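Build the full structure now, drawing on both the sequences and the hints.
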Amino acid sequence: KTLVAGSKLFAHVYLDPKNPPKAVMLQYHTSGWLHRAVWGDYNAIDWGKANTTERMNMGKLPEAGKWVKLEVDAAKLGITADKQVNGFALTQFGGTVNWDRIGAETSNDPSSDAAQSLMAWWKSQKGKDQPGVAAPVAGFVKDGPDAKRTEAEKEQVLRHYVALVCASVSPKLVEARKRLADEKSARAKVDTDTPATFIFTDLAKPRDSFVMMRGSYDKPGDKVEPNTPKSLPPLGVKDRRANRLDLAKWLFSNEQPLTARVTVNRFWQQIFGIGLVKSSGDFGVQGEIPSHPELFDHLAYQFRATGWNTRELLRQMVLSGAFRQESAAPAELWSKDPENRLLARGPRFRLDAEQLRDNALYLGGMLREKKGGRGALPYQPPNIWEPVGFTGSNTRNYTQDKGENLYTRSIYVFLKRTAPAPFMSNFDAPNRETACTRRERSNTPLQALQLMNDVQHVEAARGFAASLIQNEKTDEGRIRLAYRQALSRLPSSEETRIVSILLEKELAKYRKDTVAAGKLVRVGELPVPAGTAEPELAAWTMVCNLVMNLDEMINRN
Numbered sequence: 002k003t004l005v006a007g008s009k010l011f012a013h014v015y016l017d018p019k020n021p022p023k024a025v026m027l028q029y030h031t032s033g034w035l036h037r038a039v040w041g042d043y044n045a046i047d048w049g050k051a052n053t054t055e056r057m058n059m060g061k062l063p064e065a066g067k068w069v070k071l072e073v074d075a076a077k078l079g080i081t082a083d084k085q086v087n088g089f090a091l092t093q094f095g096g097t098v099n100w101d102r103i104g105a106e107t108s109n110d111p112s113s114d115a116a117q118s119l120m121a122w123w124k125s126q127k128g129k130d131q132p133g134v135a136a137p138v139a140g141f142v143k144d145g146p147d148a149k150r151t152e153a154e155k156e157q158v159l160r161h162y163v164a165l166v167c168a169s170v171s172p173k174l175v176e177a178r179k180r181l182a183d184e185k186s187a188r189a190k191v192d193t194d195t196p197a198t199f200i201f202t203d204l205a206k207p208r209d210s211f212v213m214m215r216g217s218y219d220k221p222g223d224k225v226e227p228n229t230p231k232s233l234p235p236l237g238v239k240d241r242r243a244n245r246l247d248l249a250k251w252l253f254s255n256e257q258p259l260t261a262r263v264t265v266n267r268f269w270q271q272i273f274g275i276g277l278v279k280s281s282g283d284f285g286v287q288g289e290i291p292s293h294p295e296l297f298d299h300l301a302y303q304f305r306a307t308g309w310n311t312r313e314l315l316r317q318m319v320l321s322g323a324f325r326q327e328s329a330a331p332a333e334l335w336s337k338d339p340e341n342r343l344l345a346r347g348p349r350f351r352l353d354a355e356q357l358r359d360n361a362l363y364l365g366g367m368l369r370e371k372k373g374g375r376g377a378l379p380y381q382p383p384n385i386w387e388p389v390g391f392t393g394s395n396t397r398n399y400t401q402d403k404g405e406n407l408y409t410r411s412i413y414v415f416l417k418r419t420a421p422a423p424f425m426s427n428f429d430a431p432n433r434e435t436a437c438t439r440r441e442r443s444n445t446p447l448q449a450l451q452l453m454n455d456v457q458h459v460e461a462a463r464g465f466a467a468s469l470i471q472n473e474k475t476d477e478g479r480i481r482l483a484y485r486q487a488l489s490r491l492p493s494s495e496e497t498r499i500v501s502i503l504l505e506k507e508l509a510k511y512r513k514d515t516v517a518a519g520k521l522v523r524v525g526e527l528p529v530p531a532g533t534a535e536p537e538l539a540a541w542t543m544v545c546n547l548v549m550n551l552d553e554m555i556n557r558n
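In this text, residue positions in the sequence shown follow our numbering: the first is 2, and each later residue adds one.
Among these hints, one or two may not hold up.
[Said to hold, decoys possible] Derived SDA-like pairs: lysine to any residue, alpha-carbon spacing no greater than 25 angstroms straight-line: (1) Lys510 <-> Arg490; (2) Lys127 <-> Lys155; (3) Lys372 <-> Phe268; (4) Lys61 <-> Asn44; (5) Lys19 <-> Leu71; (6) Lys127 <-> Leu165; (7) Lys417 <-> Thr195.
[Said to hold, decoys possible] Per label pair, the in silico range of CB-to-CB distance: (8) Gly285 <-> Glu526: 48 to 54 angstroms; (9) Val163 <-> Lys239: 50 to 56 angstroms; (10) His293 <-> Ser501: 45 to 51 angstroms; (11) Asn255 <-> Pro196: 35 to 41 angstroms; (12) Pro18 <-> Ala177: 57 to 63 angstroms; (13) Asn310 <-> Asp194: 30 to 36 angstroms; (14) Asn255 <-> Asp194: 37 to 43 angstroms; (15) Glu340 <-> Glu495: 31 to 37 angstroms.
Treat the hints as calculated values from the structure; they're not laboratory data.
Since this is a predicted model, take the numbers as computed values, not measurements.
Beta carbons are placed, not taken as given, at the ideal position from N, Cα and C, and that holds for glycine.
Laid out in structure tokens, this is it:
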């Protein structure tokens, strides 16, 4: 505690008349134990330098047999207003002593109290930054009260002091301060919980740009200004330097056809597997020409004319005759048009990595469809991150999530570019080091092994099996339900027969080997439903794993 000038230190003491001490001492700590007052035998307790504030002689012992209040001026012990008392000790030499209330008596001097005096507070803030205080008041406060200020400027400082600092204010202002503090706290929480991102802003004075001769950074050629290539419509800015807003407006202007065409082509690629322009990342001179130019022009025009209505564009595509055809076609047609550029059959291609995982989780009843949140860390083989992690990095070690975060949609899976998730890279997902306008599609044995054996997929099959057992009572009913949910169709009689044979074999195997059944139904963290026979659940898990690996499940037909 900091004491004001004129403060007195005190303590109540009771000396036992039958066994009085030789001396009693009050000790106070500021920057050290440098302040002591002694009553009684001065040399009995010889701590501190004699005849200084470290050991002041206060006279004889107080009267024994009664409570006595010991008092000493703080200044006499060298405790001035600039020192803070942060400790005390009650000391005796021999005898029996009872101590009671200890403290300090001070007189309130508002003129030196920053909570009550504008000038005292203003002086204490001189030279200090004022975070959270609006300009120009922050500058006025930092300059101190001695700087030249107009009456209006002084009034601004006074209003700030009364509103936010002064302790002696009306109850209404106290309540207003509390509301303000609550609002600031709520805002701080929002700022803390909201992820930050970098943004671009224009420089007040843009730097000059040059054509670098042969790409060499130290050989600038002609100076250039922001503009579009001559082969495209001009920006239309003549009286000033063009900026990023001008570019944004140009991208969506009626004179500029590229934005609509590129967007339509990307959606067509998503629906049909390949764009009307195959080189979806290159519409320049090295790109391919559209396979259906008139259709391309029509879709791009309609897309812009409907106000860039993405939903309407996709509705047109999926309701078209081209999309609603069967994927099956004669071998002769496949050989003539293997990429289906002429749209003589329906599209057929494998789903993307994220769709494969999300479909499996959805069938298993585990997909967490909540939007947003931090990146999820699902199942992953060991020692993927560690070999490429830097010491001290927050991605040095992979710590798998628990609970529902394991089943978050794949779009929210945390992706480390130097060590991407295996389930993503195995199915040709880009590592995001560069922009990817079109994914390649490979076919490898590792993909089949992952779909059959990966923890996430086996666990999804287990969840799918548990739902079949719960919702259908007969084996045939469960097989029909599995096909209907996974493939959107019912099984043929031959398919039902084959799956039934598989089920019988798996049931016999797991009834004989209950240990293996127990291991299978505990793959992943999904709990085993209470009351479910483990051999039965294990057998149906294998059946569901089979259904989830059919071509119709992993390919779009």
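Structure-based check of each hint:
no. : hint                                  : in the structure
1   : Lys510 <-> Arg490                     : violated (29 angstroms)
2   : Lys127 <-> Lys155                     : holds (15 angstroms)
3   : Lys372 <-> Phe268                     : holds (23 angstroms)
4   : Lys61 <-> Asn44                       : holds (12 angstroms)
5   : Lys19 <-> Leu71                       : holds (20 angstroms)
6   : Lys127 <-> Leu165                     : holds (17 angstroms)
7   : Lys417 <-> Thr195                     : holds (21 angstroms)
8   : Gly285 <-> Glu526: 48 to 54 angstroms : holds (50 angstroms)
9   : Val163 <-> Lys239: 50 to 56 angstroms : holds (54 angstroms)
10  : His293 <-> Ser501: 45 to 51 angstroms : holds (47 angstroms)
11  : Asn255 <-> Pro196: 35 to 41 angstroms : holds (37 angstroms)
12  : Pro18 <-> Ala177: 57 to 63 angstroms  : holds (59 angstroms)
13  : Asn310 <-> Asp194: 30 to 36 angstroms : holds (34 angstroms)
14  : Asn255 <-> Asp194: 37 to 43 angstroms : holds (42 angstroms)
15  : Glu340 <-> Glu495: 31 to 37 angstroms : holds (32 angstroms)
When held up to the earlier numbered hints, the structure conflicts with hint 1 and nothing else.
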